[in-house]
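K.L.:
Protein sequences appear in the order of chains A and B.
Residue numbers for the first sequence follow numbering that gives the first Met the number 0, beginning at 0 and rising by one.
Residue numbers for the second sequence follow numbering that gives the first Met the number 0, beginning at 0 and rising by one.
Note that these hints are calculated values from the structure, not bench results.
You may find that some hints are simply not true.
Derived BS3-like pairs (lysine-lysine); straight-line CA-CA distance at most 27 Å [unchecked claim]:
(1) B:153 to A:404
(2) A:334 to A:352
(3) A:399 to B:76
(4) A:170 to A:200
(5) B:151 to A:249
Predicted, not measured: the structure shown is a model, and the values here were computed from it.
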Amino acid sequence: MLATICFLARTIGRLSRLFGRGGGTSLPGKIALRLYPSIASELTSGKYVILISATNGKTTTTNLLAGILTEAGNDVVTNSEGANLMSGIVTALLKRQNKKKSGSGASQTSGEKFAILEVDEAVLPIAIDSLSPKLIVLGNLFRDQLDRYGEVELLVSSWQEQIPSGRTMPKIVANADDPLIISALLPKLKNLNEKEKIPQKIFFYGLEDKSIGRVEPPLIYDSYGCRECNTTLSYEFYSVGHLGKWSCDKCGLENCPWNRPTPDFQITKATTSGIEGVSLEIASKHPDFSEPLHITAPLPGLHNIYNVAAASSAALALNSESVSITPQHIESALKNAPRRFGRFEEINTEDGKSILLVLAKNPASANENLHTISQFNSRELTNGNPNNANLNFLAVLNDKIADGKDTSWIWDVDYEMLIPSLSSICVSGTRAGELALRFQYGGLPEEKITLEQNLKTAFQMCLKNTAAGERLIVLVTYTALLELYDIAHEMNLVEPYWKKN
Amino acid sequence: MASDKTQTLKVCHLYPNEMNTYADRGNIAVLKRRLEWRGFNFALEEFEIGDALTDATEFDLFYMGGGQDINQIQVAKDLAETKAQALHDALLGKADTPHSIPPVGLFVCGGYQLAGHFYNIYDQQLRGIGVLGVHTIQNESHHNQRLTGTIKIKTELPTSTSQSSQNIPLEIVGYENHAGRTQIIDMSLADEEHTEYKESASKSFGEVLVGHGNNGADGTEGAITARTIGTYIHGPLLPKNPELADLLIAWGLEHRYGAKAQELASLNNSFAEVARAEIS
């Protein structure tokens, strides 16, 4: 049965690639699950399953952790293309199964077999149920796709109730800086008695370097008061959105379970250097890592400090088990981490232009990306043409199901931080008009906004207006990114994304 | 510098930190820009949890946006303690105003639910401001079947309180996402004990053309009493509905300046037209 389904899946994958849509990253799995509901657990049997969930940063964290474990000589299967519903997970697992059958990509390694899978926040309970992970990584929760999820709080309670506790509880690596993650883990933190702590089951990572934190609270945040006493949280500093070094001043006593835990893995130093990426130091109490890790990664922005910390902490937490991971594995895997799939991904054209693709799909991710861009120096903004400070900018908003049908989130994005440096902007996508309104009410005069609903026309026009040696920055939603890959592929600028990534 | 002649609209934004789920900032931005583009002043004051609102008469427009249930519980408690009475009296025209014209209220989604008399979340009852003659109920089956999607309604609203006032027909578009079901209270059946409900008697804000509206059953959307509008429509509401935005601004200026309120010059709404057409 399994063999038949693998064959079928391979055929479907090829066909859907032939038709040029979706790159075959979900359809085979969708059909396989329909035919054979227990296929996911069968495909992961004998593998050490790690699930990674968060509103933002799942794809990057998954790719980073996969890179580290591969570097350490393990056999890794992952859904690196960001298809994170059960259908996408099963597709990734099937693909690997087929590769092995055909002999290519078969494991040559002697290490452990890992399945490192990013999972949609709402799907996490189902994925835990069908894949029985040994480790889960919980990054952050922000408002996102509320047309699907209803409220962020509904996700918090679903995680609270459905992440297994007690004997079946997987090892958890979690972000101490997100009060919503702590809320989601609250019942477990309350029940952890000393006996359960050894061996340690929950590991936290968090930012301790105040110098990179923000003093001002974010414009919007999704976490409010202490769950025990309702007091508004205090912050020593903010980092990404409502993340930061927080505490409850009223009941933040040592015995209060609801407080920011002291991180097991502490980011003691962190710096961002424009488009070049980030560097950080991670210190831990782990006996094998008495010296802090010194990591540089070519991934720009403060949010990537968290992604790097999440992947490194997960690797360190694994170390006590059968795998052996050294600081060198982590440092060298992260040093060469590729920027994939619209995460500040650069495409260079033959005539010397640079296109920077920036995926922004909810207020928190968009705000971090804009922060990152606003800290670029003029050379980085315009790609080395300091005499021409003209910023070439294309923003695309789609409202397909994968983007979220409700586009109101763009009004929570702080485009205002970019608007003073814009001499013009082009807006496109299925909701270009909404985006034009956003920039207009954000203070950009109407005549500086070019509205072109057709993405291909808009992209070609913007590229034409970008001189050789200049950079075009493209801010896109998820489905717009897929469309843009198709367009860029047609123009011979890139390979199709399912080959490329 | 604004001259003495420059007219000002003063807006009170209620709970911007707690009640902002559907990008409610966008509605405030529209009010601000559309006033400033025409040479008016825009003044804004924000009231959070714990800030007492004792004198509501200095504001021309009150705004409260959407929030999650967890936020609404805290806000309802704070409203009762620090703001509800002043808001109730001002919005129903019971407070002293120079021209006897009540100020404007705009309450969206969670804000709308709290502008009514009560909101029952399962067995927990939240008391609202009681300016709109509605109540809202959420039980488990509602929770499992949220009313979500594109919404279009039609309505007619008067331009002013004067003799020459006209009714403007409007088609309002946006998005809705709520678990609570809202009913307009039939005052002829209102309980004897609740005679105070009667002064809040509401009509529906509009008739549903596409979507669910108040409860997905009776074809009504939102509620209006005096110059207070409650609605489930976000998106946010005002950017794509500039005629409604201008009407609220005109009402607010009339509250402040009476017959001396300056007329609003017309603006180019071409992006809004495109954005409305994009909604499928």
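K.L.:
Against the structure shown, which of the earlier numbered hints fail to hold, in ascending order?
P.N.:
3, 5
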